[in-house]
Amino acid sequence: MSTISHVIGTGISSAVQVAVVAVGGPVLVGVMRKVRCRLEGRVGPPVLQPLVDIRKLFRKQRFRPDQATWIFTLAPVMLVATVVVAAAITPLVTTHPALRASSDLFVLVYLLLVGSTLLALAGLDAGTAFGGMGSSRAVTIGALAEPALLVTILALSTTAHSSNLPAIVSAILAHPESVATPQRLFALGALLIVIVAESGRLPVDNPATHLELTMVHEAMILEYAGPDLALVTVGEAMRLTLLLGIFVNLVAPWGVATSTSVSGVVVGLASVVAKVAVVGVFLAVFEVFIAKVRLFRVPELLAGAFVLALLGVVSGLVAK
Amino acid sequence: MGSLQLRHVDAGSCNGCEIEIASVFGPVYDAERFGTRLVASPRHADGVLVTGPVTRNMAVPLKKTVEATPQPRVVIAVGDCAHDCGVFRGGYGVVGSVNDVVPVDVSIPGCPPHPTAIIEALRGITRR
Ligand code: SF4
Chain A
1 MSTISHVIGT GISSAVQVAV VAVGGPVLVG VMRKVRCRLE GRVGPPVLQP
51 LVDIRKLFRK QRFRPDQATW IFTLAPVMLV ATVVVAAAIT PLVTTHPALR
101 ASSDLFVLVY LLLVGSTLLA LAGLDAGTAF GGMGSSRAVT IGALAEPALL
151 VTILALSTTA HSSNLPAIVS AILAHPESVA TPQRLFALGA LLIVIVAESG
201 RLPVDNPATH LELTMVHEAM ILEYAGPDLA LVTVGEAMRL TLLLGIFVNL
251 VAPWGVATST SVSGVVVGLA SVVAKVAVVG VFLAVFEVFI AKVRLFRVPE
301 LLAGAFVLAL LGVVSGLVAK
Chain G
1001 MGSLQLRHVD AGSCNGCEIE IASVFGPVYD AERFGTRLVA SPRHADGVLV
1051 TGPVTRNMAV PLKKTVEATP QPRVVIAVGD CAHDCGVFRG GYGVVGSVND
1101 VVPVDVSIPG CPPHPTAIIE ALRGITRR
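So the sequences go chain by chain: A and G.
Going by this note's numbering, 34 is the number at position 34 of the first sequence; the sequence numbering is gapless.
Going by this note's numbering, 1090 is the number at position 90 of the second sequence; the sequence numbering is gapless.
If we strip away everything but chain A, and leave its shape as in the complex, we get (with noise of 0.2 Å):
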């Protein structure tokens, strides 16, 4: 394949995940709402509620707080480009995105770290009690998921020898019979709990809480309305969505184009679509069976996955 031709593949391959996780976010968390409701022996909202709602929220009045800062501002937007790029170079569709030696896990981690941060300071800069708790909160388990999402990170990298996400993907293609490692058994694990924490699902935060005093993430985003708010909500469902298509392809790789030809990338999208809606409806029913920890107990739940990562680590090392 001549480059220019190859460079044109992997920009496209790039738009169609990036379309994919743009306009999927929003209708996985219709799809897992519906399952909720379903299960709890309601109708629930349709499925592409969250669509409806952002696009009304797109067309409504500004609002920003006397005091806040330029970070207000931008926090909202900086989170949806950091996912946007964080879509567009990992290999969800294909193993051959946009700018593939930069799709490293730890630029990945710390990408979306950007987006939370600024998140996290916009909560504080808005001025109100409950943003700066929510925030705190927030930065709480953010730097209590951290070491073990670097561990498991750690213990994945050890089947391709590098931190390169769509190296792992390829090498466990190549070789199937490491799909089962005990090491990344432990290593999923951990990266799952890790991706429920990050993304502020039951049992760490509640997504669907009125009460202040309960809320981690919807503390800190009580100030935005209007487009902006449109934007958080964009964000934070592309961002669940990005991590899950992430963790799925870490699973089971299989379907994943390894070129950009048409086809490969046309059962590509479908492969990811069908693996995340798997893992999306079986989040969902998990939660209704469970509650919210108490939040004091979330650095245990969070310990268990650093655990899980180092014994992953172990295992591996130990096999070798």
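Treat the hints loosely; a few may be bogus.
Claimed, not checked - The following label-pair restraints were derived from C-beta to C-beta distances: (1) Asn1015(G) / Pro147(A): 42 to 50 Å; (2) Val179(A) / Pro1061(G): 52 to 60 Å; (3) Gly1002(G) / Ser261(A): 37 to 45 Å; (4) Val1106(G) / Pro299(A): 41 to 49 Å; (5) Gly1110(G) / Ala15(A): 51 to 59 Å; (6) Arg1127(G) / Leu295(A): 35 to 43 Å; (7) Gly127(A) / Cys1111(G): 36 to 44 Å.
To be verified - Not close to chain A: a few residues of chain G, all C-beta gaps over 12 Å, as computed: (8) Gln1005; (9) Ile1019; (10) Val1028; (11) Thr1055; (12) Arg1056; (13) Lys1063; (14) Ala1068; (15) Gly1093; (16) Asp1100; (17) Val1101; (18) Pro1109; (19) Gly1110.
Keep in mind that the hints were calculated from the coordinates and are not lab data.
Glycine included, each C-beta is placed from N, C-alpha and C at the ideal position.
Since the structure of chain A is provided, determine the placement of chain G with the ligand on it from the hints.
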């Protein structure tokens, strides 16, 4: 609109209306089917659900809540008290009906209004 987020403000009600609102969003009546949802902040809302007569302590908070709701917004007065002070008319702690404090767009009569009446009014707004 097809999408209506509501912030509920209790301006001094007896809590009868609150129980009906809770059942509107419960499994039996499930107003979420029609794209309505209760939210935690007036900034996220398109409408304010006000119950009860406006008491002295709640007049300013009610006004501020409505002002904090981004345009376009609706103010929905739920129950006879919100409409014309109901059984509390003339009470020493009562400033007046909701319409005396903030402009009301939709008024739902009843003491308390039946959940179906509330849903009917909400569906009239979302056109679903
Ligand atoms: S309308 Fe009736 S139920 Fe509602 S607050 Fe007034 S007295 Fe209570």
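Failing hints, ascending?
8, 10, 14
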